[in-house]
Amino acid sequence: MSASQQSNQLGRVTVVLAPPSSSNAYYASSRNVIIDFMVVYAKKIIEAGRDNVIVLVDKETKKTIGERLPRDVLLEAHVEDIWMRDFSPAGLNSQALFTYRPNYLSANDARLIQRSLTDTVAACGDTNFRGSNLILDGGNVVDNFIDSAIVTDRVLKDNPTMSRASIEQELRLKLNYSRIAIIPSEPDDRTGHSDGMVAFLDKKILAVSPPTTAVEAKLWDSLRQSFGNDTTFISLNSEYKDEVWRGYGSACGLHVNMLATDSALYVPTFGADAENQQRGQSAAKDAEVLGQIRAAIGGGINAKKVVEVPVPFAVCRMGGSVRCLSWAAKGPVADRLVESAQTGRC
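Position one of the sequence shown corresponds to residue 1 (the working numbering), numbered consecutively onward.
One or more of the hints may lead you astray.
Claimed, not checked - Computed spacing ranges between beta-carbons, pair by pair:
#1 L156 / Y248: 17 to 27 Å
#2 D147 / E76: 35 to 45 Å
#3 V40 / Q278: 27 to 37 Å
#4 R68 / D147: 21 to 31 Å
To be clear, the hints were calculated from the coordinates, so they are not data collected in a lab.
Heads up, the beta-carbon is just placed ideally off N, CA and C, and yes, glycines get one too.
Based on the provided sequences and hints, a complete structural model is requested.
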């Protein structure tokens, strides 16, 4: 598809990405590889044909990738960080904007980052989501879009003045879900996110990444207590070796950090990258895990499409990959972003 062709359609889920701006010093050394990855990611979404994709770019970055992606995919905006999942609305059919204030950022920086996205959305004409004072990263909300969401106990620590019951009630109310599961976070995970631990493949199928022994028993107890026999659990055969980048644990090998929409699963793979191979990742392991996922969801006419997204070590070592770097929007807010990209302005 050439840069002049259109790829997006109204009424579909829209995946939103935000590569680092040209003025962002924090990601300067990795900027080019992040941009290259996001171009690949966007093309995978386009080729799959199930969802839209919008890439929010500043003016300089737009010049850099303007000929590599269709024009209606690019929307000029300045977003302060690349980890879209964390400061964007959670949920899909019913979106809720929780307060982004992680303990690894200053309150001012977190507010600036989240405001840079909400200002962009507001400028394009729609903010159709519920607000909440609950402190919660979007990466700590894994949901099936129907009735269930999973968060880790980090939400309890981040909201010490609220009881567990009141936190669960706030999540039910704002996400419009009847079932909220609170699972133990990995002790060495600085972010405490659930999307490095579990992923809904479908409304009643939950993929679980190999947990550490520190939380394994409590994790499975929490999941079984919350879901019982109502949900099928798939233990992914991923192999994860932790490395630390600027205080954040690697996401290399975490296939569970996939982006689920209502028609597709965008699954990170690692074996094609030489640096990942040096650390034990392989195409064979990717194929094994992808096989598990495809077998779990089946091959019926309504089955989700499984889309492989190759992630280089230079990206996943920073602590996230496919899901962490994207926001999935649906409904009026998604359509306004698509229309704005098509016309070239909000």
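TODO: Against the structure, test the hints numbered earlier, and report the numbers of the ones violated in rising order.
DONE: Result: hints 3, 4 break, sorted rising.
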